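Enquirer: One-letter residues, chain by chain:
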Amino acid sequence: MPVQMAQPGDEALSCAALDREITDNETAAAVFVKKDKRVEQANTAKTVGGVIPGLGLILVLSTDLSNEEQVKARALIDRDERLRFLSKQKGCNS
Amino acid sequence: MTTTISRNVGRAALMSAALMGLAACATAAKPEAMVVVPAATAKPFPQALQHAMCVRNVTGGEKTNPLWTSKVDNPGFQTALTSSLNGAGLGAASGCSFPVDVNLLGLSQPFAGFDMTVTSHVNYKVYDPSGKPVVLATVDTPYTANFSDAFAAVERLRLANEGSIRTNISQFFDKLRAADIVSGAAAVSNCTHEEQVQARIAKENGYTNGPKCD
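In the order they appear, the protein sequences are chains S and R.
Each residue of the first sequence is one higher than the one before, starting from 1 at the first, in my numbering.
Each residue of the second sequence is one higher than the one before, starting from 1001 at the first, in my numbering.
Just so you know, the hints here were simulated from the structure itself, not pulled from any lab data.
Honestly, I wouldn't trust all of these hints.
Covered stretches of chain S (in silico footprint by chain R; criterion: 3 or more residues with CB under 8 Å from a CB of chain R, positions within the stretch not fixed) [as the list claims (entries may be wrong)]:
hint	segment
1	1-7
2	14-22
3	26-35
Once the Cα atoms are required to be at most 27 Å apart in a straight line, the calculated DSSO-like pairs of lysine-lysine come out as [as the list claims (entries may be wrong)]:
hint	chain 1	residue 1	chain 2	residue 2
4	S	46	S	35
5	R	1132	S	35
6	R	1175	R	1030
7	S	46	S	34
8	S	90	R	1132
9	R	1132	R	1063
10	S	88	R	1175
11	S	90	R	1063
12	R	1175	S	46
13	R	1063	S	37
14	R	1175	R	1132
15	R	1043	R	1175
16	R	1030	R	1063
17	R	1063	S	34
18	S	88	R	1132
Source: prediction; values computed, not measured.
Virtual Cβ for every residue (Gly too), placed ideally from N, Cα, C.
Whenever a hint applies, use it, and build me the whole structure from the sequences.
Expert: Structure representation (structure tokens):
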């Protein structure tokens, strides 16, 4: 499941806590984007390998269409948008 | 002899079934199949949202490759959500006060199977006239299309996509119904949310010394 954009207790976060979570999310999102690219490359390879008699079907059936990494990365980016809004509202970094 | 003919017919039927399942081209989710029709008994939406909403941006959708799997694209989702908002009496004819931005985070799809479950992950962001987000909802909804819904796998996957998005929009509507949105006018005032609530309670009870948010 992706991270929720708005979470209970968000309004109470301090500037330091907001900054920390934004940074952590950016790092985690970058990792997920990299993983997502690897899954896509593997899927392409499996599709190409699908022409191999016998093994091909197994390869094609193991294609990963869960989009798990993509969903998680995009959710973290949106979560950061929410946290940045709160940070601005609180007058952090000003 | 009869047994051999039966076997051959059986094999031919199996081969045909497999080919029909595999050979069909994937098509994109149909917007009209993703439209939500609110139930007559459903809880009403906040007054401020009535005829005041529009879909401003939809991002994250994917175009369908006919040789690959069915997807949901941005224009298709935008059409479905706009029609759903209009059907629920939320769509603004002109002058949209509460724009909605949508981020289609992604669809979790199976590659094959008799029962195909697709889970859609969508972020909805509703802003008030001042640009402040009033509803931020992350909605994840699974939907299963089974063998009786469609014989061809690509067709079944499309139905699962459409069902998942339909359920997703429906749950977004539930979140809108539960949202505490006072009014467009209050939303642009300088009052905090708490002050707006206090002002509304004061007004409802005839008090004159509540916060002035109008």
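Enquirer: Now look at each hint and say whether the structure bears it out.
Expert: Comparing the hints with the structure gives:
no.: 1; hint: 1-7; in the structure: holds (count 6)
no.: 2; hint: 14-22; in the structure: violated (count 0)
no.: 3; hint: 26-35; in the structure: violated (count 0)
no.: 4; hint: 46(S) - 35(S); in the structure: 16 Å, holds
no.: 5; hint: 1132(R) - 35(S); in the structure: 34 Å, violated
no.: 6; hint: 1175(R) - 1030(R); in the structure: 24 Å, holds
no.: 7; hint: 46(S) - 34(S); in the structure: 19 Å, holds
no.: 8; hint: 90(S) - 1132(R); in the structure: 14 Å, holds
no.: 9; hint: 1132(R) - 1063(R); in the structure: 31 Å, violated
no.: 10; hint: 88(S) - 1175(R); in the structure: 25 Å, holds
no.: 11; hint: 90(S) - 1063(R); in the structure: 40 Å, violated
no.: 12; hint: 1175(R) - 46(S); in the structure: 40 Å, violated
no.: 13; hint: 1063(R) - 37(S); in the structure: 18 Å, holds
no.: 14; hint: 1175(R) - 1132(R); in the structure: 17 Å, holds
no.: 15; hint: 1043(R) - 1175(R); in the structure: 11 Å, holds
no.: 16; hint: 1030(R) - 1063(R); in the structure: 12 Å, holds
no.: 17; hint: 1063(R) - 34(S); in the structure: 22 Å, holds
no.: 18; hint: 88(S) - 1132(R); in the structure: 12 Å, holds
Taken one by one, the earlier hints fail for this structure at numbers 2, 3, 5, 9, 11 and 12, listed in ascending order.
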